[in-house]
Each structure stands twice: as structure tokens, then as C-alpha cells.
Amino acid sequence: MASPDFQQNYFELFSVSREFDLSLALLSERFRHLQGQLHPDRYASKSAHEQRVAVQYSAFVNQAYTTLKDPLERALYMLELAGVSAEQVSAEKIDGGFLMEQMELREKIESIADMVDPETALEHLMSEIAQDTKNHEREFVEALEADVLNGAASACVKMQFLRKLHQEAEQIEAGLLN
Amino acid sequence: MALLHIAEPGQSAITHEQKLAVGIDLGTTNSLVATVSKDGASALPDDRGEASLASVVSYADPAKVVVGREALAAASEHPTDTLSSVKRFMGRGYADARDEAERSQYKLTNEDAGMVSFATSSGVVSPVQASAEILKTLRLRAQAALGGSVDGAVITVPAYFDEAQRQATKDAATVAGIPVLRLLNEPTAAAVAYGLESKGEGLTAVYDLGGGTFDISILHLHRDVFEVRATGGDTALGGDDFDNLIGDWILHELGSPKLKAGEHRTLVSLARAAKEALSDCAEVVIPLQALQLDTSELVLTQNRFDEMIKPLVKRTIQACRRAVRDAGLSPVDIENVVLVGGSTRVPLVRAAVEDYFQRKPLLGIDPDQVVAIGAAIQADILVGNRPEGELLLLDVIPLSLGIETMGGLVEKIVNRNTTIPVSRAQEFTTYKDGQTALAVHIVQGERELVSDSRSLARFELRGIPPMVAGAARILVSFQVDADGLLSVSAREETTGVQSSIVVKPSFGLSDEQIGSMLQASYSHAEEDKEARVLAELCVAAKQLLEGLAVALAADGDELLDSQEREALDAQMLRVEEQLTTGDAAVLRAVSDQLGRDSEAFAARRMDKSIRTALTGVTLDDVSEEIGE
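Chains as they are written, first to last, in the numbering used here: chain A, 1 to 178; chain B, 1001 to 1628.
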């Protein structure tokens, strides 16, 4: 059978404007509205064929929603729409200053368990990471608006670095709680 | 019913008659069946007026399998023939289950390296068969109460059940002769029961501590859509463990005497009684005469009991913490906390939940029945008894899915807590020159190494033309349906060579095994099977034709060109001709063909409906609706 072939991109699918700063409330409202029509449960008493179509459409909508909901995924997707592939993004050169900062942050995380008040230190660090991420999101938006695609790509790579760091911090936190 | 009936809410294309739908809570300790009547959803009692069926099956008498209260009464007398807590063995291999079995004194068999089975006086019994006996008892109860055969059931499973455990549950339903509409996660079912009751909105945490499993789910109710935001838990942690701790303590206090098999059961029931009493009292006297030892009684205080179970309760709170984080929230964001499962009556459990969420839990519905009631409501929706289909559940997968890559590492393809259904694809390549086959090993879990993950299935993609290493482009696609069950396909992109598998977990049952179990359970054939098959096919074919006619009248001219229309009409005629011939195989073939022929049309109608769904709603309208 034909797989769902939506000609629209994810922004068009949800009828939201193609910009980084989209309204998450609006996005999720549209998402629920679409699933209300397409979800396989709506076809539970119908034929197997209909259910298969519904599963594929519903999965497509889920994929689109997951992508747009997350700032980093959304940024990467916008680059993809602009013709920059994921491989091209990860090949982007990053300035040495950023990498130095990353190394320092990483060292901080590794030594945190030995600190007097590791919980508070970790909390500070995590909010620092969150703030840095916000800054790079702005950097991304400005670069994309000015059509400087390699600038937008390098902002994405920095966001990826910070995402990874944040995950590590979370793991350390989970370890502290145990 | 050929096509997606994209009817306006409230107007279904074909009028349905009321169907008999039930919700079944297949629990570790107790099971229930519930249904929706005009007075609302309620659990169906047995002839003694009891809603709970003890999840205990006795195989002591090879001539008669006994389920429930009577089986429980025989537990001490026939310890190895009386199976309780079989849910803990569902979908498990021998190695997983050994510790569990040592406690419960069962004789395990491990004949075919598949799912573990029990050796009883009536022969080898698998957990699936024992579960099927429980389900069958509930099915008969429902049929007696409702006066007809059950058209469909929603069966609940712990949200944290993995692929093998879900498949085993579905297999048990098949063996019991129950058509499964959906497997529904227990916490989601509970939230449905509360959601419809209170018409509440907002974020709800469901803390479900049953006899053998623990689940935590964070849900968001927004108008008529329930979105599961995150889920977590432990499939081997529950009230039974509390009982075992008390049992261990009693033995320790008595200087670790050696017990006979039957006495172990007695010990566990004494422990359970003590636990239950401690929900209301500060201390309890445990009578030990039944064990025929020197000591006649012991006193257990609530403080001592709290100390014993504290590490287990702490584990549940850690799971809560992780689920709240996965949902991108903090505990204060949660507006409602729902308690499910008998073990939430334990004071320490309540206190810990209250302390973590900083909120008093909701208690309106009986925690033992809330899951079955939610399942009944969902079943009623799924069979189409509520034409407006009021409530939609968007559930998630509990554990990440991935495949094995070089070096025994796991490449995750679908992350845990992803909303289902989901399709994901990832490209892989060959690592040797001239490699013509690729083994795909599917695993489940959060760990990095294959050896730490649960192996679900393996299959091979063969017939890749010889190429240099890295030149083949192999797309591996995962699809998880609304039940949380997985199918995987692999395709070499440059040649189109394809292979796929519906994942039957390593511990699952083969179709032949299910077939022979079915055979056994239908040894006294209730009705002429062939005639029934033909009758069902005729009904389905008529519905297909009818639905297609309605759809064609509405959209046929717009969405099909004349050639496509003619082809469909011709195939419809073929089906119509076969309705009266009485040949089931031919009728099935032409109906299936019509179904496939009409899929493109169905897809176009779906596209059209999406466009319609989103046009005519302006940005302002929606912003207003959501109160921005």
C-alpha cells in the first residue's frame, strides 16, 4: 500500500507559521485536533486496511509533532528545509572559544560529586547550561533570518553540545539522589 | 467497512447496534471485568456478589481446572499445582523467573528455551495458559451478566510491560476466546476513569502499586484528549514483595526453621493478613499455630514494617522523579495525584507519595476497581458505542527500541516515552566488501550494551547484491502500533531488496502453539466453526460494500478518475457475486482484494479530511480557544 505521502512540510501540516519562535500551545492544540481525526482508535472497529492507513498517518503526525516541539529538533528541521542536511550540520566547524568553555563545564560536572553541596552546585550549572542554550537559540534565529546558513548550523552544533552536557548533568543528579 | 469513514462527529455512516464491550483488569493478585451500561461503568460481580476474582488457578485435578476463591483455598494443600501471581511470569524466560519461582515453590520447566512453564499434576502449564483460564472465567461471567457473547475487550497491562509481556497477554486473550480491541496501560485506564468522572483538566500523576507491579504515569488531560507525557515503573515490585519481606522477617525471628512447601503458602498468607491489618493499626499480633513451631505468635509494629519496606517505597519515588523529569515537568506542576492498586493502602506508601508531590491524592473511586472501570469506558468507545467517540488516548512506549550494531552496541531507533503509533527509519550500511546479507537484531531497553538489553527478535535481510563495504544503503524501519506492539522491516535502497518481521519476542508463543492451545480449550466445539467463519465474512463483506458505497457517493467523483472508479466498481461487483456462493476462501480473497484496491482512495479521503480539518480554523480562533 502507498505510504502516507504528505506534500506539506511539518509547519504546513499543523498550519503554523514557519518560524523558530512558534507557539507551543497552538502547536499542541493542532496536534490534538489532527490526532482526533486520524488516530487508529478512531478506526478500531473498522477494517484492517483502514487501521493500517490510520496507523501510518497518525505516526506521521506524531513524528511531525515530536520534531517541532523540541527546540533543537525544530532548528535542525528548519535547516533541513533550507537545504542543509544533518551531515552538513555536524561537519560545521566550531570556534575554539566555545570548545574551551565546553571543556571547563565538563570538568566542573565531573568534579561536582566531591563538592560540599553538590545539589546546589549542580542546579547552578544546569541553569547556566539552560541560559547558554537560550543564547545559541537566538544566535540560530538571527543567522537564519540573515540567511547565513553556516552560522545557523554552527549554532545548532553548539546546542547539541549543550544538550549532551545537560543529559550528563541529569545523570549525575539521579546518581546523587540515590 | 471499506473506507475510512470520515463522517462528521456524531453522524456515523452506518448505524451501529450496541455492542457488548468489556474492560478487563488482569491483575497479579485479583482480576476484574467491568462494563458500561446506561447507568455508567461498573465492575461485574460473580454469583456471590464479589467483583474481585482471585488470580489463582488450580491444576490439582487433571479433570477440572479451578479458578479464583476455590483455587486459593487449595493453595496450602496443593502448593505446586496452585498457580498464583502468574502475571509475574508472563513473557519471561527461565533465567528471569528462577528467583521468583524459588519463592513461590513452583516446579519450573524450561523445555524449549522459550517462556518458562510450570510442571503440575495436570501436565506442563505456561503462564499464558493459566492467564487464559482467568480470562475465560471473566468472559463467562460477563456473558452471563450481559446475555450475549463479548464483542470486544480492552485488557489492561502495566505501562512498564515490555514487548514480550504484552504479547503474552494478548496471546492469553486469544486462547481464552476474547477479541482484544486494545491493550491499555493500567495507569492510563485509571486516569480515564477519573478523567470522565471529574471532567477535570490538567496534569495528573497516576501512582499504581499493585500486587506485583509498579507503574507511574504522567498524563495531560486537555478537553477530550488524554496525552500520556511520560511513564515509568518496575514490573517486579509490588505488594507481594511486602508480604515476602514480612514472611522473611517472621522466619528470621523464629531462627530460620525449614518449612514444608505447603507451609510456605501459609506463611505468605499470614504475612499478607498482617500487612493489611497494619494499614489501620499501629501493631498486629501474627498467630503462628498453623506453622506448628515452638512460637505461637509474634508482634509486628508499623514502625518495624515501615523500615522493612522503606527501600522498596523509595524505589517507587525514584521512578516518579524520573517520569516527572521525562515529561519536562517538576513535581509542583502536577495538579492531581491518583492512587491505584491495593498496595497504596499502606500508610507509608501514601505518605511518601504525598510528600513527593506535595499534594493529597484523589480517592473517589475504589483503587481495586478503577483500572477495570477505565478499561470498560475505553472498550465502549472503541467498539463504537459512543458515535461521537468522545475521548482519545495518546499513549507512549515505555522502553526504548533499537537494534544491535557493530561491537554489541545498541543503536536506539525509538526513544522511550515517544507517543504511539510511531514509525521511525534509520539507514545502515554493510561493513564488509561483497556482504550479501545483514542480520537485524532488535532489542529493548535503556542500556548501551546489547548484553544488558532485552532481546526481542532477529531476522535477516538477504539478497543484497555484492558491493564494496559502505555502498549499500539499508533502511531499517520500526513501526509501533497503538497497542505498543512492534513490526520491523529492512530494505536495501539501491536494489529494493526487502525483508520484514512482526516482532514475536523470543519468549513469545508461535502461532502453532497458540493454535494448539486454542484447540485444547475448544475441545468441546461450541459451534460449527466453518459456518461461523462464513457468516462473519459475509457480514464483513457487506459492511465493506456498504461503507464503500457511502464513501464513493460522497467523494468518488472528486477523488477518483474514471478508470479507477471503473476498477473499484468491478471489484465491488465481484464481491457481491460471492456473497451467496457460500465459499469462504473465495469470498475472503475478493474482499481482501477490494480492501487493497480501495486503499488509495482511503488515503486520498484521509488527506482531504486533514485539509478540511485545518481549513476554516483561523489562527485567531484557535488562540482564543486555548486562551492565549
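These are calculated hints, taken from the structure and not from any lab test. Among the hints, erroneous ones may be present.
[As the list claims (entries may be wrong)] Below, a list of computed lysine-lysine pairs in the PhoX-like style, where the Cα atoms sit at most 25 Å apart:
(1) A:LYS69 to B:LYS1412
(2) B:LYS1412 to A:LYS164
(3) B:LYS1310 to B:LYS1360
(4) A:LYS69 to A:LYS108
(5) B:LYS1258 to B:LYS1107
(6) B:LYS1019 to B:LYS1064
Here's how the hints hold up against the structure:
no. : hint                   : result
1   : A:LYS69 to B:LYS1412   : holds (20 Å)
2   : B:LYS1412 to A:LYS164  : holds (16 Å)
3   : B:LYS1310 to B:LYS1360 : holds (20 Å)
4   : A:LYS69 to A:LYS108    : violated (30 Å)
5   : B:LYS1258 to B:LYS1107 : holds (18 Å)
6   : B:LYS1019 to B:LYS1064 : violated (32 Å)
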